[in-house]
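Student: Chains as they are written, first to last, in my numbering: chain A, 1 to 230; chain B, 1 to 230.
Treat the hints with care, since some could be wrong.
Because identical chains cannot be distinguished in the list, a pair is counted as satisfied if it fits within a single copy or across any two copies.
Said to hold, decoys possible - Straight-line Cα separation of at most 25 Å, SDA-like style, residue types lysine to any residue; simulated pairs:
1) K51 / D21
2) K22 / L112
3) K47 / P181
4) K153 / P225
5) K153 / H182
6) K190 / P225
7) K142 / L82
8) K51 / G183
9) K27 / P98
10) K27 / K153
11) K22 / L52
12) K25 / R108
13) K22 / L222
14) K147 / T13
15) K51 / D172
16) K142 / D79
The hints are simulated quantities; they were obtained by calculation from the structure and are not laboratory data. These figures come from a predicted structure and were not determined experimentally.
2 protein chains.
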Amino acid sequence: MLHLILADSELETVPEEISSDKAMKRKAQRRGRRVTELILDSNYYHKPMRKLEDSDRRGRPDIVQICILTALDSPLNRDGYLRFYVHTRHDKVIDIDPETRIPRAYNRFVGLMEQLFLTGGVPPDDPLMTLCDESLETRVEKISPEKVLAFSKDGKEDSGGRLFNSLTLEDDVCVIIGGFPHGDFLSDVKGLSDDLVSIYPETLDAVTVVNHVVQFYEKKFLDYPIFSDL
Amino acid sequence: MLHLILADSELETVPEEISSDKAMKRKAQRRGRRVTELILDSNYYHKPMRKLEDSDRRGRPDIVQICILTALDSPLNRDGYLRFYVHTRHDKVIDIDPETRIPRAYNRFVGLMEQLFLTGGVPPDDPLMTLCDESLETRVEKISPEKVLAFSKDGKEDSGGRLFNSLTLEDDVCVIIGGFPHGDFLSDVKGLSDDLVSIYPETLDAVTVVNHVVQFYEKKFLDYPIFSDL
């Protein structure tokens, strides 16, 4: 089983310190929410966000959406061998049922995240996604994997063959990928990982790394003809 | 070089026959456009779209966006060995400069497509994306590839090793992937292709197929350590 954690993801509600912004207040009113119940989004709140620490990387629900969408559609997930978690800047962890159908429309996805942060679970009756307070370290401990790999431009350029060496499809492997647009992990990922691995000498989008890791694992462990002899 | 064509993509402007819809007229007015200059979007225009033929698959700019975003970020594209084209339902072809930075925000991407359909090239001064009238067949002829592969659930489950057999990185290979949510190609893809290949027994999202094909090609031809011994 591959446990993939999108770590330090830039998904959060609007911080109190910028909640007096007028445009954001109007938006909140239209949606029947408090400002601090809205999801922070750098695409819409670029100006008020300038007051925040790390303002150039925060407010990126689009990264979370594209990563969940492509991970859950993979043959690996369809065959039941992938668990995908979103860990956020403020140490919250989202658990996602592998059969969840994530909204493709961006506005609907953001609406769903709003509801998730408000209630802790969506849909309300029989939640497919749940949110809890948890550090990356605690989550990795809970998974209790045979091996922890993290991916980063600054990792070592290792042979793909060594990634899942001496593991089987039944072993729990944890892979940590950054859910932010640039910069470094906020959590102590190096301390948590057995290996820090690099795919490519330049920074890649989170979704590109997610796709590559999922497919490395598919190539190693799934039996479909297309993954053979490549 | 891998030439990847997203074929019969559901990207088009609002058809004349539903252009009298009031909600769409208001939206057009707000954007300073005619209704028929807006991009058809099933997320927003679900109701008026019901009058259209094939209404359950049309109006999906989101599929085009997610496929371009992930294809252009791949190591294959960064190293200069990928060309990505969007062919649409009404036989238009979009050429995309490999260094184009596609908007991640959905509303901005749709605005860009609106401008592209209106003017034929964006940005206006030195276009990175251009639109022309061209069938899939004509485009494949122009590329004049050594081999044409199409991907479909109904293709044969062939060994990955045979995909790019006896080809080199310098050869032009054309891969055709459907840019629609479900159903079959509208163009005669079978007639154009040397092989019709299946990755997985269920229908996969277009972006999942794009990612897999790009990575099959990377695995075969790129020299980074991570692609070895998998």
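Student: Given identical chains, is K47 near P181, meaning Cα to Cα at most 25 Å, within a copy, between copies, both, or neither?
Tutor: Intra 18 Å, inter 36 Å, cutoff 25 Å: intra-copy only.
Student: When no copy is named, should K22 and L112 be tagged within, between, both, or neither for a Cα gap of at most 25 Å?
Tutor: within (23 Å within a copy, 28 Å between copies)
Student: Could you figure out if K27 and P98 sit no more than 25 Å apart (CA to CA) within one copy, between two copies, both or neither?
Tutor: Close neither inside one copy (32 Å) nor across copies (37 Å); limit 25 Å.
Student: At 25 Å max between alpha carbons, let me know whether K27 reaches K153 within a copy, between copies, both or neither.
Tutor: neither (38 Å within a copy, 43 Å between copies)
Student: Checking K147 and T13: alpha-carbon separation at most 25 Å within a copy, between copies, both or neither?
Tutor: neither (33 Å within a copy, 50 Å between copies)
Student: Using 25 Å as the alpha carbon limit, work out where K51 and G183 are close: within a copy, between copies, both or neither.
Tutor: within (19 Å within a copy, 48 Å between copies)
Student: Which holds for K51 with D172 at a C-alpha limit of 25 Å: within a copy, between copies, both or neither?
Tutor: Neither. Shortest intra-copy (41 Å) and inter-copy (50 Å) distances fail the 25 Å Cα cut-off.
Student: Go through the copies and call it for K142 and L82: within, between, both or neither, with a Cα cutoff of 25 Å.
Tutor: Classified as within: same-chain Cα gap 16 Å, cross-chain 41 Å, threshold 25 Å.
Student: Is it within, between, both or neither when you check K22 against L222 at 25 Å Cα-Cα?
Tutor: For K22 and L222, neither the intra-copy (52 Å) nor the inter-copy (51 Å) Cα distance is at most 25 Å.
Student: Within, between, both or neither: how does the pair K22, L52 come out at a Cα-Cα threshold of 25 Å?
Tutor: Answer is within: at 16 Å inside a copy they meet the 25 Å cutoff, but 41 Å across does not.
Student: For the identical chains here, do K153 and P225 meet the 25 Å Cα criterion within one copy, between copies, both, or neither?
Tutor: Between copies, since 14 Å is at most 25 Å while 31 Å is not.
Student: Cα distance capped at 25 Å. Does K153 pair with H182 within a copy, between copies, both, or neither?
Tutor: Cα proximity of K153 and H182: one copy only (11 Å, versus 36 Å across).
Hint compliance for this structure: hints 9, 10, 13, 14 and 15 are not met, and every other hint is.
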